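So the protein lines, in turn, are chains Z and A. Numbered according to the working numbering, the first sequence terminates at residue 408, and the numbering increases by one at each position without gaps. Numbered according to the working numbering, the second sequence terminates at residue 274, and the numbering increases by one at each position without gaps.
Keep in mind the hints are simulated off the structure, nothing from the lab. Please read these numbers as outputs of a predicted model, since none were measured by experiment. Virtual Cβ for every residue (Gly too), placed ideally from N, Cα, C. Take the hints with a grain of salt, since some may be wrong.
[Claimed, not checked] List of simulated lysine-lysine pairs, DSS-like, C-alpha gap at most 25 Å: (1) A/K260 / Z/K404; (2) Z/K102 / Z/K66; (3) A/K266 / Z/K404; (4) A/K183 / A/K199.
[As the list claims (entries may be wrong)] If you want the footprint, here are the derived chain Z segments under chain A, 3+ residues with CB under 8 Å: (5) 137-145; (6) 164-173; (7) 204-215; (8) 394-400.
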Amino acid sequence: MIRSISSFGRYPSFQQTNKIYKKTLSPFLRLQLTNYSSLYDHTAEPVKNLNVGVAHSSFLLNSIAKIRNDSELSQLGLAQAPTKKMNMCQAINDALTIALNKDNKAIVFGEDVAFGGVFRCTVNLSQTFGEERVFNTPLTEQGIVGFGIGVAAQGHTAIAEIQFADYIFPAFDQIVNEAAKIRYRSGGEYDVAGLTIRSPCSAVGHGALYHSQSPEAYFSHTPGLKVVVPRSPIQAKGLLLASIADRNPVIFLEPKTLYRSSVEQVPEADFSLPLSKAQILKPGTDITIVGYGSQIYTLENAITMVERDMPGISCELIDLRTILPWDVETVVNSVNKTGRLVISHEAPITSGFGAEIASEISNRCFTKLESPINRICGFDTPFPLIFERFYLPDLARCYEGIIKTLKY
Amino acid sequence: MMDQSFSNKNSHGKGRQMPIHYGSKKLNMATISSPLATQIPQAVGNAYALKREANGNCAICYFGEGAASEGDFHAALNMAATLKCPVIFYCRNNGYAISTPSAEQYKGDGIASRGEGYGIKTIRVDGNDIWAVYAATKKAKKFAVENNQPVLIEAMTYRVSHHSTSDDSSAYRPSKEVEDWTKRDNPILRLRKYMENQKIWSMEEEAEALKSIKTRVLEAFAAAEKMKKPTISTMFSDVYDNSPPHLQAQFEEVQALISKYPDYYKVNDFSSDL
Numbered sequence: 001m002i003r004s005i006s007s008f009g010r011y012p013s014f015q016q017t018n019k020i021y022k023k024t025l026s027p028f029l030r031l032q033l034t035n036y037s038s039l040y041d042h043t044a045e046p047v048k049n050l051n052v053g054v055a056h057s058s059f060l061l062n063s064i065a066k067i068r069n070d071s072e073l074s075q076l077g078l079a080q081a082p083t084k085k086m087n088m089c090q091a092i093n094d095a096l097t098i099a100l101n102k103d104n105k106a107i108v109f110g111e112d113v114a115f116g117g118v119f120r121c122t123v124n125l126s127q128t129f130g131e132e133r134v135f136n137t138p139l140t141e142q143g144i145v146g147f148g149i150g151v152a153a154q155g156h157t158a159i160a161e162i163q164f165a166d167y168i169f170p171a172f173d174q175i176v177n178e179a180a181k182i183r184y185r186s187g188g189e190y191d192v193a194g195l196t197i198r199s200p201c202s203a204v205g206h207g208a209l210y211h212s213q214s215p216e217a218y219f220s221h222t223p224g225l226k227v228v229v230p231r232s233p234i235q236a237k238g239l240l241l242a243s244i245a246d247r248n249p250v251i252f253l254e255p256k257t258l259y260r261s262s263v264e265q266v267p268e269a270d271f272s273l274p275l276s277k278a279q280i281l282k283p284g285t286d287i288t289i290v291g292y293g294s295q296i297y298t299l300e301n302a303i304t305m306v307e308r309d310m311p312g313i314s315c316e317l318i319d320l321r322t323i324l325p326w327d328v329e330t331v332v333n334s335v336n337k338t339g340r341l342v343i344s345h346e347a348p349i350t351s352g353f354g355a356e357i358a359s360e361i362s363n364r365c366f367t368k369l370e371s372p373i374n375r376i377c378g379f380d381t382p383f384p385l386i387f388e389r390f391y392l393p394d395l396a397r398c399y400e401g402i403i404k405t406l407k408y
Numbered sequence: 001m002m003d004q005s006f007s008n009k010n011s012h013g014k015g016r017q018m019p020i021h022y023g024s025k026k027l028n029m030a031t032i033s034s035p036l037a038t039q040i041p042q043a044v045g046n047a048y049a050l051k052r053e054a055n056g057n058c059a060i061c062y063f064g065e066g067a068a069s070e071g072d073f074h075a076a077l078n079m080a081a082t083l084k085c086p087v088i089f090y091c092r093n094n095g096y097a098i099s100t101p102s103a104e105q106y107k108g109d110g111i112a113s114r115g116e117g118y119g120i121k122t123i124r125v126d127g128n129d130i131w132a133v134y135a136a137t138k139k140a141k142k143f144a145v146e147n148n149q150p151v152l153i154e155a156m157t158y159r160v161s162h163h164s165t166s167d168d169s170s171a172y173r174p175s176k177e178v179e180d181w182t183k184r185d186n187p188i189l190r191l192r193k194y195m196e197n198q199k200i201w202s203m204e205e206e207a208e209a210l211k212s213i214k215t216r217v218l219e220a221f222a223a224a225e226k227m228k229k230p231t232i233s234t235m236f237s238d239v240y241d242n243s244p245p246h247l248q249a250q251f252e253e254v255q256a257l258i259s260k261y262p263d264y265y266k267v268n269d270f271s272s273d274l
């Protein structure tokens, strides 16, 4: 059998296509970029006077002064609290340490967890809390989640790790048919309130099909689950502690590219950030932009460039933080103010979570909308190794997409 | 293999998968996928179809002792036994699944003992002995094909390398343990000693072979690295047999972007779509 050759042979030529579609891009504005550099790379060179990438983000609370001035931390009484410099990996380790310290019924388990995990998020926990509480499991994701359900049904706290979100699917049945439905089907007699499933997700530059996926939308289709995606060390610590404390099964997806690239002054205290509460990272008046996880930093850079190239325009950026149940109100209020909405995520666009947001917002804000809701997302292909730069909703694509929506 | 590892335009997988995810239709070698143990029940299906073709062929499926903990392994063995499929399950028990030693992977007598439980003929073999592995596989194939039954082989060995280039195994096992195995017993060393004893190989030939092979590997490395990547349209092909309209539209979106920002996207790294 001959492997089918590219189906694109009957396409219009590159130049023809270019002519046809050039008009969909902003003809007068051009992103001042010359080199493709990873947005997550510490060494990313300043691109035309803009420092791109996580390391340069203004959203990271990487100084004591920023902590003191942060409104959410102030509301939680954490703005004056002692902090420690941590990357997201260390912040997750810190959250797990706190959870294990305060709750003797809490256990942490998964593949390679005992030596610290392949991303080092569980380092030293087994030594500190003993092998009965922090341990390796055999290599079986369905086993890990099923086991966690049993532990949680017994009233204990199960913190399971699935080594990569791409490998969560053998556990799909346990998550979707069991964890999510136990309370409902038992008439409230049983629950898995204490179950949290942590898993690294999203692009990392070289992960290809099976070390890059963002599977949040699959789980967002499952009543009974909560789905959380943090964007930074402080967020990861506060949201993970909230997820562990939450009385529902939570899928906690950690963008792996942020494990080391994002660094903040993290409050040392035991604290929780609210689930199902989005955060307005940057207020603006002309367009609402919604994202979550590592995509926030791409959007931050795109917004900076759009505002520089279109003087007078201001963009509002919202980090959704919790995917299910999501904070409809914050997004509705924003879109009612701005009249325009862009949603961006790495996962494929078709049936991605952006579709849900677009649908709900068009229903709630129909008369206020001045342009179609624009989704800037991963394309509808498996995650392709060598084509990652074209697959992702990257800086150039977000820049062009935001301008298109603004100029509609 | 080098083309696959560099995701260049000659790679069978068209640059889409991580390195060491090769496959070849010509060689009847199913393309490797990263998820563990998924291939085991698939091999049973292959074997069932081969049985129906009645050409004296069977399927052979390789996996590690870690993958044998996945549900797919157990499903596969039971399916193969009940449906009488000519398939060889070849487990390479090398003692480690990333950091997890086999002592934490199972408590029974290795993987071989499970074959018995499913009613499957089983061979345990010294995986460092290339002739024993050859003989066991040959015998398993004969049995599988002649009887339309599965066979499980457990080859015992030791993983002397790290799990991958992003793993440092000194974090979870003593370097001395690895050194000992490297020096004392591994398949390459054992074969070399055998050949030297048979006077068909010598230290000098070994040194010469290592040198010339290294040169050839580096040449292949350099050639594959220099080669252009596949065409950008390759990103959208093979998702389906034919490209549906939404993928065509998405490719057009990419084309418009790269024509506006060709340097930013390093379009020259890729073969031309023209």
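Any hints this thing doesn't respect? Which numbers, in order?
-> 2
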